[in-house]
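Q: Residue strings, one per chain:
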Amino acid sequence: MATKETGGTTRRRVLQCMSWGTAGILWTVTGGVPRAHALGEQVAQSGDFSFVQVSDSHIGFNKDPNPTPDATLREALSKVAAMPRRPAFLLHTGDVSHLSKPDQFEAASGIMKTAALDVSYVPGEHDTINDDGKEFFSRFATKMSQPGGWYSFDQNGIHFIGLVNVVNLKAGGLGSLGDEQLQWLAKDTGTLSASTPLVVFAHMPLWALYPEWGWGTDDAAQALTTLKRFGSVTVLNGHIHQVMQKVEGNVTFQTARSTAYPQPAPGQAAGPGPLQIPADKLRGALGVRDISFPGTKPAISDDALAS
Amino acid sequence: MDMPGMPSMKMSATPVDVPPTAPNAINIDNFAFSPKVLTVAAGTKVTWTNKDDEPHTVVNAGSPPAFKSAALDGGDSFSFTFTQPGTYPYFCSIHPFMTGTVVVK
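If you're matching them up, the sequences are chains A and B in order. Each residue of the first sequence is one higher than the last, beginning at 28 in our numbering. Each residue of the second sequence is one higher than the last, beginning at 3 in our numbering.
What the hints contain is simulated information worked out from the structure, not anything from laboratory work. Every value quoted in this text rests on a predicted model; they were computed, and no experiment measured them. A hint or two may mislead.
Unchecked claim - Think about it this way: if two alpha-carbon atoms lie no more than 25 Å apart in a straight line, the pair counts; the simulated SDA-like pairs of lysine to any residue are:
| # | chain 1 | residue 1 | chain 2 | residue 2 |
| --- | --- | --- | --- | --- |
| 1 | A | K273 | A | S259 |
| 2 | A | K197 | B | A24 |
| 3 | A | K197 | B | S36 |
To be verified - Here are some chain B residues the structure puts well away from chain A; computed CB gaps all over 10 Å:
| # | residue |
| --- | --- |
| 4 | P66 |
| 5 | A68 |
| 6 | K70 |
| 7 | S81 |
| 8 | V105 |
| 9 | V106 |
Even glycine gets a Cβ: it sits at the ideal position worked out from N, Cα and C.
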């Protein structure tokens, strides 16, 4: 929950609603009070702006627990199409493909187009194997993209920043932003008022979630110093194929589910490979994320493909 | 380490490297290179084999890298013949926390 608790009644209602489970529930927040809506329910058009994050589609992966990640990506987009409020656009936080192969990018792009929504992409490390992302950027770069592939844009008074932290990785290191990108970030946000809500999206987590498995970014601290003065910063990451959250001052970090396969919780397996789960549990471990901004702070709903 | 409910995951109980079947072979298993340090004579061909479900690469940490594999999916192999003595640290460029060394005498 991204809202501050304002009193006992609110907390009780939240706990009541939490018992409905995490699948197929859309949370909206009005005046600081969270309200839960089942996905089929008509939500009054309040003019609030929303968008959806999808992540880690790994098109080209063909093993257990999900030999058909293209099918589950289509299911995820069907879920988006069924949302009571049509999102303004999609963010894809990387690992679009599994092996950076052209036919995998082609297939992924084709499936994403069926959503009939603009998609803003950032690469994962599976998208930049051996070519520093050349094939990826040739397909998914935007007209705002800097040479290194990072970019920003504004929508509905919110400043969106797409960062690349999966190129020039060093032996023994984590994700990496690099000095050029960090300098650009300072310049890009330098003239913004501190009350501008920021949404920063990048593939690898921008906090040291679990360095033993490479789950972090070596030079994220410098980026966070630049962003520290802003009143509302939402960081959206992928990479770990599960939802984890952290709040640090005005910054909320969220990693997302994959649309392809889950991974183990930190330290709960020998390594961060695909987590083998029964077929009937798979769709409960995959999902998309709906984000709206009723005010300057986000309302976030993580929707699994099935309950 | 206790791992209930995941019978298909392999786990080493201790940090000891399990020697692979051939003397100049390195296995990539559970996001680790095994053996982590391999010592060979100059002129030896070393072969890495990926036993994981995830793809990995083998990239020398030098600049420029002395060797660099393509993406190795499960079951794929990569070989390099070390002609020059020296110490060759390498890593997986997809999962850079995975590191190893080949020492060539």
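Q: Just want to verify: V106/B was marked as not at the interface with chain A; is every Cβ pair farther apart than 10 Å?
A: V106/B clear of chain A: closest Cβ-Cβ about 18 Å, beyond 10 Å.
Q: Over 10 Å from every CB of chain A: does V105/B meet that, or does the non-interface label fail?
A: Per Cβ check, V105/B is outside 10 Å of chain A; nearest 16 Å; holds.
Q: Quick one: work out the minimum CB distance from P66/B to chain A and report holds if it exceeds 10 Å, violated otherwise.
A: holds, 14 Å
Q: Does S259/A lie within 25 Å of K273/A when you go C-alpha to C-alpha?
A: Holds. K273/A to S259/A sits at ~14 Å (cutoff 25 Å).
Q: Sort out whether S36/B lies within 25 Å of K197/A, counting only the CA atoms.
A: Given that 25 Å is the threshold and the Cα spacing comes to 20 Å, the pair holds.
Q: Would you check the hint for K197/A and A24/B, treating anything up to 25 Å between C-alpha atoms as holding?
A: violated, 29 Å
Q: Grab the minimum beta-carbon distance between A68/B and chain A and tell me whether it stays above 10 Å.
A: holds, 13 Å
Q: Beyond 10 Å from every Cβ of chain A: is that where the Cβ of S81/B lies?
A: holds, 17 Å
Q: Quick check for students: does the CB of K70/B sit more than 10 Å from each CB in chain A?
A: violated, 7 Å
This entry does not satisfy hints 2, 6, going by the numbered hints stated previously.
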